[in-house]
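*Asks:* These protein sequence lines map, in sequence, to chains A and B.
Here the working numbering = 1-based position in the first sequence + 593.
Here the working numbering = 1-based position in the second sequence + 263.
Among the clues, some could well be false.
Stated by the list, open to error - Calculated pairs, DSBU-like style, for lysine-lysine (alpha carbon to alpha carbon, straight line, at most 30 angstroms):
1. 871/B with 271/B
2. 271/B with 819/A
3. 819/A with 806/A
4. 748/A with 809/B
What the hints assert, rightly or not - Pulled from the structure, derived: some chain A residues nowhere near chain B, Cβ distances all over 10 angstroms:
5. 601
6. 661
7. 709
8. 838
Said to hold, decoys possible - These stretches of chain B come out as covered by chain A in the derived footprint (C-beta under 8 angstroms, 3 or more residues):
9. 723 to 730
10. 784 to 797
Quick caveat, the hints were computed from the structure, so don't treat them as lab data.
Backbone N, C-alpha and C define an ideal beta-carbon position, used for all residues, glycine too.
Here is how the chains run, residue by residue.
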Amino acid sequence: MKGNIFDFMRYRNIAAIFSIVLILVALTSVISRGLNLGIDFTGGVVVEAGFSEEINLQSLRVLLAEADYANAMVQNFGSPTDVLIRLEPQEEMDGGVIRDAILAVMSEVESSVELRRVEFVGPQVGQDLIEQGSLAMLFALIMIFIYVTFRFRWKFALGAIGALIHDVLILVGLFSILQMNFDLTILAAVLATIGYSLNDTIVVFDRVRENFKALRGEAAYDVINKCISQMITRTMITSGTTLLVLLALFYLGGETVSGFALALIVGIVIGTYSSIFVASSLIIYLQITSLDFAERKREAVDDLP
Amino acid sequence: MSNFLTFKSVAICAVLLLGVLMALPNIFGSDPAIQVSREDGTDVVSSSIEEIENLLDGAGISMSSIDLRGNAAIVRFQDNESQLAASVVLREALDLHVVALTLAPRTPRWLQSIGFRPMNLGLDLRGGVYFLYQVDLDTAINQYLESFQGTIMQAFRSENLSVTVSRNNTELQFIFTNQDDLFTAENILFRIDPLLQIEGSIIENQPILNVALSNMQITQRQNLALQQNILTLRNRVNELGVAEPIVQRQGLDRILVQLPGVQDPAQAERILGSTATIEFRLVDFENDPFEADRTRRPPLNSILRYDQAGFPELLRREVIVSGNELTDASFMYSQGQPAVSIRLNAQGASRMLDVTQANLNRPMAVLFIEDSPEIVEVDGEQRLVTSREETVINKAVIRGVFSSNFQITGITPFEGQDLALLLRSGSLATPIVKVEERTIGPSLGQDNIDRGRLAIIVGLLTVMMFMVFYYRTFGLVANVALVMNIVLIVAVLSFLQAALTLPGIAGIVLTVGMAVDANVLIFERIREELRNGVTPIASIRGGYEKALSTIADANITTLIAAVVLFTFGTGPVKGFAITLAIGIVTSMFTAIMVTRLIVNYIYESREKINNLSIGI
Numbered sequence: 594m595k596g597n598i599f600d601f602m603r604y605r606n607i608a609a610i611f612s613i614v615l616i617l618v619a620l621t622s623v624i625s626r627g628l629n630l631g632i633d634f635t636g637g638v639v640v641e642a643g644f645s646e647e648i649n650l651q652s653l654r655v656l657l658a659e660a661d662y663a664n665a666m667v668q669n670f671g672s673p674t675d676v677l678i679r680l681e682p683q684e685e686m687d688g689g690v691i692r693d694a695i696l697a698v699m700s701e702v703e704s705s706v707e708l709r710r711v712e713f714v715g716p717q718v719g720q721d722l723i724e725q726g727s728l729a730m731l732f733a734l735i736m737i738f739i740y741v742t743f744r745f746r747w748k749f750a751l752g753a754i755g756a757l758i759h760d761v762l763i764l765v766g767l768f769s770i771l772q773m774n775f776d777l778t779i780l781a782a783v784l785a786t787i788g789y790s791l792n793d794t795i796v797v798f799d800r801v802r803e804n805f806k807a808l809r810g811e812a813a814y815d816v817i818n819k820c821i822s823q824m825i826t827r828t829m830i831t832s833g834t835t836l837l838v839l840l841a842l843f844y845l846g847g848e849t850v851s852g853f854a855l856a857l858i859v860g861i862v863i864g865t866y867s868s869i870f871v872a873s874s875l876i877i878y879l880q881i882t883s884l885d886f887a888e889r890k891r892e893a894v895d896d897l898p
Numbered sequence: 264m265s266n267f268l269t270f271k272s273v274a275i276c277a278v279l280l281l282g283v284l285m286a287l288p289n290i291f292g293s294d295p296a297i298q299v300s301r302e303d304g305t306d307v308v309s310s311s312i313e314e315i316e317n318l319l320d321g322a323g324i325s326m327s328s329i330d331l332r333g334n335a336a337i338v339r340f341q342d343n344e345s346q347l348a349a350s351v352v353l354r355e356a357l358d359l360h361v362v363a364l365t366l367a368p369r370t371p372r373w374l375q376s377i378g379f380r381p382m383n384l385g386l387d388l389r390g391g392v393y394f395l396y397q398v399d400l401d402t403a404i405n406q407y408l409e410s411f412q413g414t415i416m417q418a419f420r421s422e423n424l425s426v427t428v429s430r431n432n433t434e435l436q437f438i439f440t441n442q443d444d445l446f447t448a449e450n451i452l453f454r455i456d457p458l459l460q461i462e463g464s465i466i467e468n469q470p471i472l473n474v475a476l477s478n479m480q481i482t483q484r485q486n487l488a489l490q491q492n493i494l495t496l497r498n499r500v501n502e503l504g505v506a507e508p509i510v511q512r513q514g515l516d517r518i519l520v521q522l523p524g525v526q527d528p529a530q531a532e533r534i535l536g537s538t539a540t541i542e543f544r545l546v547d548f549e550n551d552p553f554e555a556d557r558t559r560r561p562p563l564n565s566i567l568r569y570d571q572a573g574f575p576e577l578l579r580r581e582v583i584v585s586g587n588e589l590t591d592a593s594f595m596y597s598q599g600q601p602a603v604s605i606r607l608n609a610q611g612a613s614r615m616l617d618v619t620q621a622n623l624n625r626p627m628a629v630l631f632i633e634d635s636p637e638i639v640e641v642d643g644e645q646r647l648v649t650s651r652e653e654t655v656i657n658k659a660v661i662r663g664v665f666s667s668n669f670q671i672t673g674i675t676p677f678e679g680q681d682l683a684l685l686l687r688s689g690s691l692a693t694p695i696v697k698v699e700e701r702t703i704g705p706s707l708g709q710d711n712i713d714r715g716r717l718a719i720i721v722g723l724l725t726v727m728m729f730m731v732f733y734y735r736t737f738g739l740v741a742n743v744a745l746v747m748n749i750v751l752i753v754a755v756l757s758f759l760q761a762a763l764t765l766p767g768i769a770g771i772v773l774t775v776g777m778a779v780d781a782n783v784l785i786f787e788r789i790r791e792e793l794r795n796g797v798t799p800i801a802s803i804r805g806g807y808e809k810a811l812s813t814i815a816d817a818n819i820t821t822l823i824a825a826v827v828l829f830t831f832g833t834g835p836v837k838g839f840a841i842t843l844a845i846g847i848v849t850s851m852f853t854a855i856m857v858t859r860l861i862v863n864y865i866y867e868s869r870e871k872i873n874n875l876s877i878g879i
């Protein structure tokens with residue numbers, strides 16, 4: 594096997610520092626600033642409406658304040674004629690009452706206002722979602738750990754999970770730093786990132802496993818460098834094509850999915866980086882050797898016809 | 264090789280053909296239509312169809328066709344305006360029918376007849392209202408315990424046991440005067456329901472029995488309450504006239520309602536969530552209600568209630584007939600007054616007959632009962648608490664004997680119409696409270712579809728261009744697989760009749776990106792083999808074989824994530840997970856099997872190949 598072998602692992606310490614700094618920044622932001630959770634999680638009311646012409650948001654705010662909704666957040670959504678109103682949950686909130694009141698205020702501004710979307714989420718639903726989401730994430734990680742341990746070795750499983758946690762922390766941290774709305778679709782994007790990043794990591798690990806079997810005696814450092822070099826074209830092409838599609842979704846999909854697309858774009862960039870520098874570095878740090886595949890050999894022979 | 268070309272290739276082609284057929288219904292689009300069904304759920308008869316035709320003809324509204332689907336008639340229109348106009352006309356004129364706006368797919372008959380239907384669109388794509396209700400199960404359990412209390416006390420009395428009873432949240436406590444009675448009582452309780460949890464004790468010389476519901480009884484009761492509520496909600500949704508509604512249980516104590524096409528959440532909410540029902544009781548005319556109001560102590564066998572003007576009324580404790588014993592209710596005008604005409608079932612009718620016979624010229628009252636559940640915070644925990652409001656809406660002297668058919672008055676036309684509908688659809692077994700509501704306007708839905716479609720097409724085309732540029736002939740082959748992958752996803756979604764939502768579209772877009780991955784892996788392997796000096800044909804074989812385990816491992820781990828998402832997620836997360844999971848499976852099929860078939864067709868049939876068109 595020939596081809597250019599690039600010494601990726603030379604940068605593993607720099608990458609480790611880079612990753613640790615990113616994670617620390619992310620954690621600090623999540624802890625100090627928190628996430629700008631959408632009403633899916635906090636509960637509350639969101640109304641999206643389309644006016645026939647550009648309207649003055651300030652006057653709408655004043656009208657809402659008069660109707661006792663001073664804490665309503667009013668902003669344009671996608672275009673200057675579209676407005677999004679968001680209300681945090683209140684004591685003894687009846688979604689129906691608030692909805693009707695907001696509608697009344699808006700039709701005061703323009704009678705032909707077109708209602709596009711009304712969402713009311715009770716606080717307890719949001720609480721459940723946070724619990725369910727965390728549970729789903731935890732369960733997914735456990736299942737993946739089991740599968741990767743079964744197919745590879747536990748060191749690989751640890752490397753893969755480490756990379757996943759790395760990706761999730763940084764991605765969530767980014768949403769915290771930018772204070773972008775974190776709703777259910779963003780959660781789906783984070784989970785999709787887990788899937789994608791995992792895919793990337795497994796592809797590299799697969800090669801590592803194969804090369805360890807073929808090139809017994811070579812140092813892990815060299816084997817992994819060789820593997821990443823062999824896979825780098827594939828990694829770039831796959832990430833590139835996925836990014837192409839996501840860019841299309843980001844620019845053409847409309848306001849509703851742009852957040853989702855952005856989360857995935859960032860997630861794929863981080864996922865690609867982590868499969869090279871985090872997952873692979875981790876298995877070097879865990880001192881993987883070809884001996885880790887010693888018992889595996891017998892099974893491999895059995896697999897042959 | 265020849266084997267591959269015979270059996271396997273036929274199988275692959277068959278799957279692809281089936282996929283194309285199943286995806287086919289989606290390209291025909293749909294007509295704005297009206298679904299007319301009968302209130303009682305029986306088939307729409309041909310005379311009604313003639314009537315509809317005549318009504319629309321008379322109103323000058325042109326329709327494109329009318330035919331029967333299931334037990335309903337589907338009237339199709341050219342545009343939304345005539346659909347709306349027609350719905351107004353038909354609602355006005357057709358009695359005993361439910362008129363609902365819908366979209367009728369233009370799928371050709373031959374496709375319909377083999378059962379292939381287009382995808383279901385989620386509410387975010389077609390517009391509509393989504394409600395999530397939480398069921399107050401605590402109240403259901405309390406009512407259940409209360410009903411036991413009555414039965415048990417009756418049984419104890421008939422055995423001449425001297426006993427007092429008290430009830431806290433989850434337990435009944437019976438205090439006896441005689442220790443020997445404990446044993447008898449336990450036997451009686453066991454006869455009533457062996458599942459009851461009984462704990463006997465003697466505290467300060469007092470024999471005491473604590474009776475609680477067992478976990479099994481609680482679970483059973485909760486399930487029953489949920490099912491009854493789902494049934495009632497279904498009835499109410501049908502009364503509202505919504506085509507293709509969804510009413511289903513979600514989780515332990517929630518019910519999800521989806522009403523496609525409904526644009527007015529306020530009306531839907533008023534009907535769906537209402538617990539309004541009525542009770543008929545005799546008026547206690549022997550005691551002074553004002554006196555009872557002042558002392559706040561109604562006589563032993565009476566209850567104190569107020570009428571709409573706020574005046575106190577004393578009613579007898581026994582209920583003559585309650586809302587559950589109704590078989591039909593309809594709104595009407597009686598002597599110029601709004602009224603609800605009521606029909607009772609046999610049991611209710613015979614009781615009503617007895618009571619009216621025995622109480623001629625005495626007053627009877629109609630009690631309107633409504634539960635309003637709300638979420639309150641108790642010790643930092645969200646809890647559902649139901650408060651009950653009971654109003655005397657009508658009080659009249661019994662002038663004659665009646666049984667199954669009669670009217671009640673004393674309501675506004677608005678209240679009367681809602682009340683009749685609510686009584687007809689049955690009452691909710693236990694109160695529900697809305698915890699989530701989403702309304703999506705129709706234009707936003709169409710917008711989402713258009714944008715999603717555009718994003719998919721643009722994304723797909725750029726990826727395809729890149730693939731051809733980079734992998735030449737092999738890139739073309741991968742592109743065929745990519746398109747087939749989308750066709751197959753659409754086919755599976757149509758077959759499962761799973762709803763396609765906006766996150767679902769995002770899932771498809773992501774799959775497009777990831778589907779090329781398998782091909783990239785294979786093609787890169789082939790190129791590697793070629794660089795190592797392996798012959799073209801052997802490179803193809805080696806490339807496919809060696810890439811297989813990588814593809815499988817990578818996809819199975821992602822599939823695990825998708826399945827977990829689907830299991831734990833709700834709403835948008837679920838929609839995303841299902842398309843992702845389907846996409847992973849179909850992409851493995853198209854990227855491995857379909858491309859192999861085409862590559863074999865191109866290369867392995869030739870005598871001698873010197874190089875592959877794979878971009879090197």
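*Asks:* Can you give the numbers of the hints that this structure goes against, from lowest to highest?
*Replies:* Result: hints 2, 7 and 8 break, sorted rising.
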